[in-house]
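Q: Working from the sequences, and respecting the hints, build out all of it.
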Amino acid sequence: MYEIWLMLNIVWETLLAAWPLVLVLLLVFAGLTWAALSRRGAAWRTAWPVALGGAATVGVLTFLALPSLTRSSLGELKYWVDWLTLAGLAGGFALVTAALLLPLAALLKRQPT
Amino acid sequence: MKQRNGDGRSPEPDLPGAASADLQRRRWLRAFSAAPLVAGMAASPATAAMKTNARIVIAGSGLGGIAVASRLLKQLDGASVTIIDARQKHYYQPGFTLVATGVWPVDKVLDPTADFIPAGVKWIPEMVAEFAPAANVVVTSGGQRIAYDYLVVATGLQLDYAQIEGMDVAAIGRNGLASVYAGPEAAVATWTALDAFRQKGGQALMTLPAGPLKCAGAPLKMTFMVADRLQQAGTLANSRIDFHTGLPTDTVFGVKVVNDDVLARWKALGIHNHYLSKLVAVDPGARKATFASPEGQRETLGYDFLHVVPPMRAPDVVKKSDLAWKESGFAPGGWLEVDKATLQHRRYKNVFGIGDINGTPRGKTAATVKKSAPLVAHNLTQVIAGREPDARFDGYTSCPLIVREGSAMLIEFDYEGKLTPSLPMIEPLQESYLAWLMKVRMLKPAYVSVLKGRV
Chain A
1 MYEIWLMLNI
11 VWETLLAAWP
21 LVLVLLLVFA
31 GLTWAALSRR
41 GAAWRTAWPV
51 ALGGAATVGV
61 LTFLALPSLT
71 RSSLGELKYW
81 VDWLTLAGLA
91 GGFALVTAAL
101 LLPLAALLKR
111 QPT
Chain B
1 MKQRNGDGRS
11 PEPDLPGAAS
21 ADLQRRRWLR
31 AFSAAPLVAG
41 MAASPATAAM
51 KTNARIVIAG
61 SGLGGIAVAS
71 RLLKQLDGAS
81 VTIIDARQKH
91 YYQPGFTLVA
101 TGVWPVDKVL
111 DPTADFIPAG
121 VKWIPEMVAE
131 FAPAANVVVT
141 SGGQRIAYDY
151 LVVATGLQLD
161 YAQIEGMDVA
171 AIGRNGLASV
181 YAGPEAAVAT
191 WTALDAFRQK
201 GGQALMTLPA
211 GPLKCAGAPL
221 KMTFMVADRL
231 QQAGTLANSR
241 IDFHTGLPTD
251 TVFGVKVVND
261 DVLARWKALG
271 IHNHYLSKLV
281 AVDPGARKAT
291 FASPEGQRET
301 LGYDFLHVVP
311 PMRAPDVVKK
321 SDLAWKESGF
331 APGGWLEVDK
341 ATLQHRRYKN
351 VFGIGDINGT
361 PRGKTAATVK
371 KSAPLVAHNL
381 TQVIAGREPD
391 ARFDGYTSCP
401 LIVREGSAML
411 IEFDYEGKLT
421 PSLPMIEPLQ
431 ESYLAWLMKV
441 RMLKPAYVSV
451 LKGRV
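Residue numbers (my numbering), protein chains in the order written: chain A, 1 to 113; chain B, 1 to 455.
Hints listed in this document are in silico derivations from the structure and should not be mistaken for laboratory results.
From a predicted model like this one, the values you see are computed outputs, not experimental measurements.
Where a beta carbon is used, it is the ideal one built from N, C-alpha and C, also for glycine.
Warning: the hint list may mix true and false statements.
[As the list claims (entries may be wrong)] Simulated restraints on C-beta separations:
1. Asp390/B to Ala56/A: 48 to 54 Å
2. Ala286/B to Met7/A: 49 to 55 Å
3. Phe29/A to Gln144/B: 30 to 36 Å
4. Gln430/B to Arg40/A: 53 to 59 Å
5. Arg347/B to Phe29/A: 57 to 63 Å
6. Ala341/B to Leu21/A: 41 to 47 Å
7. Pro361/B to Ser68/A: 36 to 42 Å
8. Leu69/A to Pro361/B: 38 to 44 Å
A: Structural data, given as structure tokens:
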């Protein structure tokens, strides 16, 4: 329980240290979602493949690039805990990407009325 | 040689990049982190604060002092909490090895102290000049006499470079002289010296004195990183690394299983160990270091790179006070006489200690403070309530031991030297990316959470 609480605080402080970027992403997400929800004909169903494809791409790229971006390398992943950590982080970036792409794609791929 | 405050920190470093801290941004951040939404998300499970008008003085604004202050403010309603410390800059000391090895810029280890002093705490920007525990008074460097009901000693320790003849902290960074401990400017200068050394390679002398040290893993990390930087530069083959320690044969670390693992790794790297060999003098201009055996035999060696780890002791203000140990192995260093389980002073029951100053078997690390700050705040609250301190500290400490750039081992252990991984899946002696990632990305956010009294 303590470790979960500690991890939540680490995430919180990390986000707080990058708050301008976090704020911009939240505003973009909110704006896109509002726009997509308020417009009739937004193509949510066809947006999913785009969002998932983009998320998968970002996830894979993050998985491959994050070690070197943190002054390490894929070769330093030595046991399953390392792989799980990296996969979790890549998944987080993928999730954010999906959250941004979904309303955007829904807006751009409007269904014919 | 130049003397520094308390635990070896200079009051106001003048560093490129550090002075340009964006005060406005920090104010916004502070306001944001204090917002109700944030507080609601980040606050620990609420417990009713105890009403009291106790006067609590905390000597020191390092991690321990501020973390305990943050917690006391949440646990006590009506208490007066005063922090006494002249330092205007707060140092994230766990990051010094990263700065000294070229991994981090120095601004990552520097923050204004004011950013972390909790709202509601009175901050007296002076040093404690005298402890008078029998009178429940501290005297500040400005001559103020501050009376207290309860005292928390969090002064940190004194880096005793003066024990090394010829050592000049101001000379770090020149002529191959390095020392990661002396402060952020010394960490930067150490990287300057190491960066120059690795270009050509040569003779590196690494040192480790006997006796209590803060972050006893730092001399080992520096040794690993010197080897790694030479390897990266392609100069390891024409270099020699000698590690001199005042410790007995086959000992470089206090936890045997870790010690043996490190020695095996060093053997593979070709690092040569010299035991019962204490650095006693240095001639920076001539690049010569003198080592002495316990029998007094002296040997002078030339070097291209020398990493100095100074002996450490309690600051004079504690050492010369009645708060220091009078007997036991902690007496020569003048460490604070606390019970190792409750961290309550053994003779003055209204006094507690936290952090490097404590005369306890192990644990002069930020991780120790992380685990013991809640305990000190709790036990102090118990004493204020007229009860016995009932929380007991197991001596937890942790060392993300960097083995090269990009990899580390996450070692956690207790007073007995027993490995105590926080998560069962963590393998302490497994070099790993996760441990490295924690060191370079996750531990500072955790540290800030400790300062805020949340974890």
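Q: Taking each numbered hint in turn, which are not upheld by the structure, reported in ascending numerical order?
A: 3
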